[in-house]
Each structure stands twice: as C-alpha cells, then as structure tokens.
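**Student:** Below, each chain spelled out in residue letters.
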Amino acid sequence: MMALYAGYFLFSLFGVDPYVAILILGPLFFCLGYALQRFVIAPISFGKEQNVLLVTLALSIILDNLALFLWTSTTRSIDVSYAENLVDVGVTMVALPRLVALGAAIVIGLLFWLLMTWTDLGKAIRAVARERQGARIVGISVDHIFAMSFGIGTACVAIAACLLLPTFYVTPQVGNAFILIAFTTVVLGGMGSFIGALVAGLLLGIVEALSGILLGESLGQIGIFLIFILVLLFRPTGLFGQRAL
Amino acid sequence: MAVLEVEGVSKRFGGLLAVSEVALRVDSGRITALIGPNGAGKTTLFAIIAGFIPPDRGVVRFDGRDITGMPAHGICRLGLVRTFQIVRPFAGLTVRANIAVGMHLREPVRRRALERAELIARQVGMEAMLDTPAQGLTTAGRKRLELARALATQPKLLLLDEVMAGLVPAEVGELVAMIRGIRDSGVTVLLIEHVMQAVMSLSDDVYVLNNGRIIAHGAPNEIAANGEVIEAYLGHGAAGRIEARSADA
Amino acid sequence: MKRRGFDAQLLVLLALGLFFLALPQFIHSSFWLGFWTMALFFALLGQSWNVLGGFGGQISFGHAVFFGTGAYMSAVLQVKFGIDAWTSAAVAVGAGALVGAFIGAVSFRYGLRGSYFALVTLAFAEVFRVLVNAWDFTGAGFGMLIALKPGAANLQFVDRVWFYYLILALVAITLAIAWWIEHSRFGAYLIAVREDEDAAQALGINCFRVKLAAITLSAALAALAGIFYMQYFLFVDSHIAYGPAMSINALLAPMIGGMGTVLGPLIGAVALGGLSEFTSAAIGKTPGVNLLAYGILLLIILRFLPNGLMGLFRGRA
Numbered sequence: 001m002m003a004l005y006a007g008y009f010l011f012s013l014f015g016v017d018p019y020v021a022i023l024i025l026g027p028l029f030f031c032l033g034y035a036l037q038r039f040v041i042a043p044i045s046f047g048k049e050q051n052v053l054l055v056t057l058a059l060s061i062i063l064d065n066l067a068l069f070l071w072t073s074t075t076r077s078i079d080v081s082y083a084e085n086l087v088d089v090g091v092t093m094v095a096l097p098r099l100v101a102l103g104a105a106i107v108i109g110l111l112f113w114l115l116m117t118w119t120d121l122g123k124a125i126r127a128v129a130r131e132r133q134g135a136r137i138v139g140i141s142v143d144h145i146f147a148m149s150f151g152i153g154t155a156c157v158a159i160a161a162c163l164l165l166p167t168f169y170v171t172p173q174v175g176n177a178f179i180l181i182a183f184t185t186v187v188l189g190g191m192g193s194f195i196g197a198l199v200a201g202l203l204l205g206i207v208e209a210l211s212g213i214l215l216g217e218s219l220g221q222i223g224i225f226l227i228f229i230l231v232l233l234f235r236p237t238g239l240f241g242q243r244a245l
Numbered sequence: 246m247a248v249l250e251v252e253g254v255s256k257r258f259g260g261l262l263a264v265s266e267v268a269l270r271v272d273s274g275r276i277t278a279l280i281g282p283n284g285a286g287k288t289t290l291f292a293i294i295a296g297f298i299p300p301d302r303g304v305v306r307f308d309g310r311d312i313t314g315m316p317a318h319g320i321c322r323l324g325l326v327r328t329f330q331i332v333r334p335f336a337g338l339t340v341r342a343n344i345a346v347g348m349h350l351r352e353p354v355r356r357r358a359l360e361r362a363e364l365i366a367r368q369v370g371m372e373a374m375l376d377t378p379a380q381g382l383t384t385a386g387r388k389r390l391e392l393a394r395a396l397a398t399q400p401k402l403l404l405l406d407e408v409m410a411g412l413v414p415a416e417v418g419e420l421v422a423m424i425r426g427i428r429d430s431g432v433t434v435l436l437i438e439h440v441m442q443a444v445m446s447l448s449d450d451v452y453v454l455n456n457g458r459i460i461a462h463g464a465p466n467e468i469a470a471n472g473e474v475i476e477a478y479l480g481h482g483a484a485g486r487i488e489a490r491s492a493d494a
Numbered sequence: 495m496k497r498r499g500f501d502a503q504l505l506v507l508l509a510l511g512l513f514f515l516a517l518p519q520f521i522h523s524s525f526w527l528g529f530w531t532m533a534l535f536f537a538l539l540g541q542s543w544n545v546l547g548g549f550g551g552q553i554s555f556g557h558a559v560f561f562g563t564g565a566y567m568s569a570v571l572q573v574k575f576g577i578d579a580w581t582s583a584a585v586a587v588g589a590g591a592l593v594g595a596f597i598g599a600v601s602f603r604y605g606l607r608g609s610y611f612a613l614v615t616l617a618f619a620e621v622f623r624v625l626v627n628a629w630d631f632t633g634a635g636f637g638m639l640i641a642l643k644p645g646a647a648n649l650q651f652v653d654r655v656w657f658y659y660l661i662l663a664l665v666a667i668t669l670a671i672a673w674w675i676e677h678s679r680f681g682a683y684l685i686a687v688r689e690d691e692d693a694a695q696a697l698g699i700n701c702f703r704v705k706l707a708a709i710t711l712s713a714a715l716a717a718l719a720g721i722f723y724m725q726y727f728l729f730v731d732s733h734i735a736y737g738p739a740m741s742i743n744a745l746l747a748p749m750i751g752g753m754g755t756v757l758g759p760l761i762g763a764v765a766l767g768g769l770s771e772f773t774s775a776a777i778g779k780t781p782g783v784n785l786l787a788y789g790i791l792l793l794i795i796l797r798f799l800p801n802g803l804m805g806l807f808r809g810r811a
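Protein chains in written order, with my numbering: chain A, 1 to 245; chain B, 246 to 494; chain C, 495 to 811.
Simulated from the structure, these hints should not be mistaken for lab results. One should not assume that every hint holds.
Derived SDA-like pairs (lysine to any residue); straight-line CA-CA distance at most 25 Å [what the hints assert, rightly or not]:
hint : chain 1 : residue 1 : chain 2 : residue 2
1    : B       : K401      : B       : R490
2    : C       : K779      : C       : F702
3    : A       : K123      : A       : L111
4    : C       : K779      : A       : T74
5    : A       : K123      : A       : L36
6    : B       : K401      : C       : V621
7    : C       : K779      : A       : L111
8    : C       : K779      : A       : K123
9    : B       : K401      : B       : G485
10   : C       : K574      : C       : L508
11   : C       : K574      : C       : S523
12   : B       : K401      : C       : K574
13   : C       : K574      : A       : L66
14   : B       : K401      : C       : K643
15   : C       : K779      : A       : R76
16   : B       : K401      : C       : A646
17   : C       : K643      : C       : S523
18   : B       : K401      : B       : G260
19   : B       : K401      : B       : I331
20   : C       : K779      : A       : L36
21   : C       : K779      : A       : I62
22   : B       : K401      : B       : G309
23   : A       : K123      : A       : W113
24   : C       : K779      : A       : W113
These stretches of chain A come out as covered by chain C in the derived footprint (C-beta under 8 Å, 3 or more residues) [said to hold, decoys possible]:
hint : region
25   : 14-22
26   : 68-74
27   : 86-100
28   : 206-219
On a predicted model such as this, the values are computed, not experimentally measured, just so you know. No residue lacks a Cβ here, since even glycine has one placed at the ideal position from N, Cα and C.
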C-alpha cells in the first residue's frame with residue numbers, strides 16, 4: 001500500500017513512469033524494510049515468534065491509518081498511455097501491463113533462485129532459516145540476515161506495486177486484500193520454494209479468475225481464502241515445500 | 246508381576262532405524278534402568294511407551310493392557326507418566342501452580358489441588374520454593390519440579406528421563422534417596438540415566454540399549470562387567486584392552 | 495500470601511462493580527453515556543478474545559467471524575422469520591458457539607498453531623464476510639436493518655441507559671467467567687496448554703478438548719457482543735460484522751490491558767476509549783487518527799509493558 005502511494009505520487013507529482021519508478025522504489029523500500037526489521041521489529045519482539053506476529057500487526061495498523069489520515073480514503077489511480085494497450089499472444093489479447101508483470105515476476109523469480117543458490121548472502125539466509133544457533137556459531141550475523149531478508153521482501157513488494165500501478169487503484173485499505181493472497185501463495189507453493197511461489201501464483205490467478213466467472217464478482221473472492229484454509233489443513237508443506245509448519 | 250511389557254517395538258525415521266525389536270519388562274515395585282550411549286534410542290523408546298510416538302511395529306502393555314498407539318494423555322490417566330530429558334516447566338507459573346496441574350488429574354477441585362501440591366513439594370524438598378516462578382529455578386530445582394509434577398498425577402509407573410543430568414554429586418545423592426522413597430511408596434520406576442553412580446546404587450535391573458537394540462540385560466554388577474556393554478560406551482576393542490590391563494596389573 | 499491476593503482481586507471487582515453501577519447517576523449527557531456503553535462493549539468483545547487468546551494462548555486474528563455470526567443470526571431471525579428478540583439472541587449465541595466449535599475442531603485437529611492459526615481465523619472471517627455480502631437472504635451489500643420498535647420485549651430500549659445496564663451485566667458475566675477460569679481446573683489446564691502443550695499432554699491433559707472448549711466459549715461470548723451491537727445500532731453490514739476492523743478491536747483491549755488476566759480487557763477498553771477521546775480533542779476527528787493512536791500504543795505496550803497495563807499493578811505484588 002505504501003509503495004502504491006509512493007509510485008502514485010512519483011507519477012502525479014514528478015511524472016515518473018511506474019516502470020522507471022521500480023529503480024527508485026526498489027532500493028528505497030529495501031532500505032526501509034531493512035531498517036524496520038533491524039531497528040523496530042527485532043528489538044520490540046525480543047525474537048519470540050508470537051511477538052513478531054503482534055508487532056507486525058501493530059505496524060500494519062499504524063501504517064494503514066497513517067495513510068488514511070494523510071491521504072484520506074479517496075480512491076486514486078494513474079493514467080498512463082499504455083495502460084490499455086493490448087498484445088496479441090496468439091490465442092487471445094492480453095493487456096500490456098499484465099504481460100509486463102508476468103515477465104517481471106519470472107525474471108525476479110529467476111534472480112531470487114540465483115541469489116539463494118549462488119551467492120554468499122543466499123547461503124547465509126538458507127543457513128539461518130535452517131539452524132539459527134549454528135549460523136551464529138559460524139559467524140553469521142543473524143540480525144543482519146533477518147533484516148536483509150525482510151528488506152528484499154519489501155523491495156519485492158515495492159516492485160510488485162509499480163507493476164500493478166498502471167491498472168490498479170490506490171486506497172489505504174488496498175493492502176489488506178493482498179495479505180491473504182500473499183500468504184496463500186507462499187503456503188500453496190511451499191515454504192522456501194521460488195518455483196512453488198511462481199506456480200502457486202499462476203494457479204491462484206486462475207482460481208481467482210475462474211471463481212469470479214463461476215460465482216460472480218462478489219462471491220468469487222472466496223476462492224483464495226478457501227484454498228488457504230484447505231492447504232493449511234491438508235497439505236501444509238504445499239506443492240514444493242520441504243518443511244511443514 | 247509385570248507392570249510394563251514391551252515386545253518387538255521398532256521405529257524408523259526416514260533412513261534411521263531408531264529403535265529395533267526392543268523387548269523389555271518392568272516388574273512391579275522394582276527400579277529398572279535403561280542405559281546406553283548417546284543416540285542409542287532411549288528417549289525415543291520412552292516417547293513410544295508413553296504414547297507420544299506410535300511404533301512401526303510391536304506392542305506395549307501396561308498392567309496387562311495393550312496401550313500401543315494410545316494417545317499420551319490417555320496413557321497418563323491410566324497411571325504411566327514420563328518426565329522430559331530437557332525439562333519443560335510451565336515457565337510463567339509458580340512451583341505450586343505447576344505441581345497443581347499434575348494434581349488436577351485426580352483432583353478436580355482447585356483449592357484442594359493447590360493444597361495437595363504443597364504436600365508433594367514437601368516430599369521432594371521444595372516447600373521453600375512453592376511461590377517461586379518456575380523460570381526462576383536452578384537446573385536442580387527444575388528437575389525436581391519435573392519429578393514433583395509427575396508424582397502429583399499419582400502414577401503406578403514413573404518414567405524418568407535423565408533426571409540426574411546436570412546435578413552435582415551431592416544433589417545426585419539426594420535425588421537417589423528420593424527415588425528410593427518413591428519406590429517404597431509403591432510407585433514402579435523405569436529410568437534412563439547416564440550418571441552411573443545413580444544406576445548402580447538404585448536399580449534392581451538394567452537394560453542396555455545401543456543403536457536401537459537391547460544388547461544386554463541383567464543385574465547392575467553383571468552389566469558393568471559385560472564386554473559388549475563396555476565396547477558400546479568405550480569403543481571397539483576396549484573390553485579386550487581393559488582385560489589385558491587388569492591381567493598385567 | 496496467596497489468600498491475600500485472592501481477596502484483593504475480589505475487592506477490586508466489587509469496587510469496580512459499584513463504580514459502574516453508580517456511574518449513570520453522574521452522567522448527564524448522552525455523549526458520555528454512549529462513551530461508557532461503547533467502552534463496556536469493547537470490554538465484552540475483548541473478554542471473549544481473552545478467553546482464547548490470553549488464557550489459552552491461541553491468538554486469533556479473525557474473531558469477527560464469531561461476532562458477525564451473533565449479529566447476523568439475531569438479525570436474520572428477527573427480520574426474516576419474525577422471531578422475538580430474546581429467543582433470537584439465545585439462538586444466535588448458540589450459532590456463534592457452533593461456528594467456534596467448527597473452526598476449533600478443524601484447526602486444532604490438524605495441529606494449527608501460532609501464526610498459522612491466527613491467519614486461518616482471518617481467512618474464515620473473510621469467507622463469512624464474502625458469503626453474507628453476496629447472499630440476498632442476509633441483505634447482500636445493503637446489510638441487515640432491524641426495525642425500530644422500542645420496548646424491552648424487543649431488546650430495544652427507549653431510555654439508552656438500559657443498554658448501558660445490559661452491557662454492564664454482560665461484562666459482569668464475562669468477568670465472572672474469567673475469574674472462574676483463574677480458579678478452576680479447566681483454567682489451570684487451559685493455561686498449561688498455553689505454556690507447553692507436550693508437557694500438558696504428559697500430565698494427562700487432552701489438549702484438543704481443552705482448546706476446543708476454550709474456542710467454543712470464546713465464540714459464544716463474542717456472539718453475545720455481536721447481538722448487543724445489533725440491538726444497539728439496529729444495523730450491520732458485512733464489513734462491520736466480519737471485517738478486519740472488528741477483529742482488530744477484539745484483540746486491542748486485552749493486549750493493551752493485559753492478556754490472560756481478569757481485568758485486562760476492561761482496563762484496556764477504558765484506556766482505549768479514553769485515548770480515542772483524547773486524540774479526537776487534540777487532533778480532530780480525521781478518519782484514521784484513532785486507530786493510528788491505538789497502533790502506536792500497542793507498539794509501546796509490546797516494547798515496555800509486555801504484560802499490558804495490568805503489568806503495572808502486578809509488579810507491585
């Protein structure tokens with residue numbers, strides 16, 4: 001939500017195209033995420049899982065309502081010339097921004113996989129995830145790694161927002177819809193699997209579209225929530241995950 | 246009279262055969278010890294007996310009744326209770342409240358459970374710490390609390406998992422006397438132990454587990470002289486070396 | 495020493511009871527009557543959350559699913575079936591309890607804990623929200639409106655002060671329930687499950703049944719709050735009833751006041767109400783200011799007073 005507003009203001013005040021904004025907002029939100037995890041979330045939660053849940057809840061309450069307070073609930077959107085452009089992909093016509101988003105998602109997924117497999121940072125992240133104390137013993141700063149992971153996550157979110165901006169609207173509540181979608185994608189794809197996230201994302205997109213058609217606009221939203229519940233109950237490892245809860 | 250009978254119990258975790266064809270028998274009123282090197286499968290066996298893990302094969306009988314696969318809380322109600330190797334106190338509660346939770350298995354009234362918890366605390370020498378929060382206790386205190394809580398459920402069979410670990414010799418001595426007292430009050434005890442001083446002085450009967458298999462069974466002094474047992478702890482050929490040394494001396 | 499603590503708490507409860515009973519005598523504006531009524535309403539909602547989240551340690555992010563069921567069920571029974579308000583209320587409480595039992599049975603049977611349980615409750619709340627919003631029988635996008643028919647038989651009161659006494663009675667019931675939890679075997683088992691499920695199991699506690707009972711009780715109380723809301727405002731829609739806002743309201747009071755305590759949710763609700771009035775006076779009634787202040791307060795409490803405001807009093811003893 002924050003990133004959507006940032007992108008919106010970059011465009012409406014400075015005329016920055018959303019795709020160009022990726023280069024600005026990506027790094028910016030990375031830093032914000034890093035700082036948030038390192039200096040706010042970690043110290044306040046003392047590392048306990050239950051507390052992290054509550055602290056991030058408190059933060060989301062603050063950010064949602066800060067946005068509401070500063071920018072009111074007026075719906076905003078941007079107008080770019082190419083938003084309506086259609087691309088012929090052979091079987092049908094697809095809106096250009098959506099195609100760009102698909103391409104970007106695949107590229108980023110690939111970059112992540114490269115990051116996790118080949119770089120020291122990626123190995124450190126995997127090490128910390130698997131065995132926190134052991135990672136400390138070999139000299140990895142766990143606090144730093146947590147912050148890096150969080151920062152990478154927020155940078156991703158910012159990029160997603162820029163990709164979404166041409167065809168989506170901006171309100172303070174817009175982020176809420178994505179919470180469960182994001183969690184469902186991760187849980188369905190399997191923890192720690194990027195292929196899983198991509199595949200799950202595609203599947204959920206199909207589910208959302210189909211349930212919208214079959215059940216109607218308002219009832220259609222239910223598809224994703226039901227999948228979330230069902231996956232957690234019956235297949236918590238997801239499609240490609242190695243670890244259950 | 247056998248209080249506990251384990252027959253042919255096996256458990257595999259992926260590629261690891263943690264417990265293999267284990268058979269043992271604990272007689273009423275006796276203290277039986279289960280020893281063996283680290284990683285032998287002792288705690289896994291306890292978890293199977295107490296109902297936390299189902300075995301792949303085999304039967305566990307308590308007082309003649311088949312309890313294989315029963316849920317842990319059900320087995321506890323029947324009178325078989327275990328303690329944990331890594332103690333698990335209810336950290337936020339006082340010693341009295343901790344013991345009361347165990348007491349509640351047989352005592353539904355809160356006030357009486359709290360009162361009777363005090364008696365149990367006295368039995369294990371913790372009456373001074375009744376109102377201390379559990380997280381403020383020392384290792385020795387936490388071990389005693391774990392024991393006290395288990396005792397409060399009025400068990401017929403008590404499974405103690407390394408209850409002496411981390412204690413200094415004086416504390417070990419106290420706990421040995423306490424466990425003897427518990428046995429004398431009618432509770433049968435099966436204990437996992439590494440502290441040999443406790444095993445030797447307490448147990449009537451010893452089983453030795455290595456790599457998931459029972460390799461020896463007998464009275465404590467027989468086990469101490471058993472070559473295979475010595476090799477399990479000290480390594481291949483150790484029995485021969487020790488014999489050679491004592492022959493020279 | 496234990497005896498003194500025991501009596502002190504009863505004394506405090508008694509004093510509070512007298513205070514709240516006498517309060518209407520000193521209030522001369524409908525504004526302040528409304529303030530205290532709503533503060534007590536949030537205390538009721540918070541108490542319901544506290545049973546499951548505070549005492550039971552199962553954090554729920556979707557308590558609105560029980561609240562909304564109470565509200566919608568009582569509305570539907572009155573409006574669509576013409577059943578009287580009191581019977582509808584009784585049935586609605588049952589419906590809430592049923593939803594609680596269902597969600598609990600399903601979640602706990604499959605071992606959901608911590609963040610996953612919290613998110614699953616949120617998911618269920620969203621499912622219900624979408625359902626009542628799409629279904630004409632529950633008013634679809636227009637929500638449910640109960641006709642204004644003042645009279646005790648209709649659970650609507652001409653003199654608003656009776657709503658105050660009603661919510662006070664309901665809060666008193668939840669205080670009694672919380673007190674009972676602290677002094678009963680069920681409560682001891684619930685707290686043991688919260689602290690360490692495996693250790694609890696090893697002492698003969700059927701953790702599934704304990705958690706199931708807790709969520710059912712919690713849901714019934716939340717439904718009660720929903721029913722009150724419905725009678726007080728005579729209107730709900732899917733966002734009010736099942737939306738994240740009400741779920742967040744449910745957990746704020748206990749977290750601020752002190753989770754797992756008898757008085758925590760009440761103190762928290764009053765504190766939040768006071769904070770709300772303060773920010774309105776200081777900054778104005780801009781949307782978002784209230785919750786912004788709440789979020790900041792929550793962060794402060796999490797950092798400095800992890801046991802909530804009650805931690806200030808407990809520290810002394």
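**Student:** Which earlier hints can't be squared with this structure?
**Tutor:** 1, 2, 6, 7, 8, 9, 10, 11, 12, 13, 14, 16, 18, 20, 24, 25, 27
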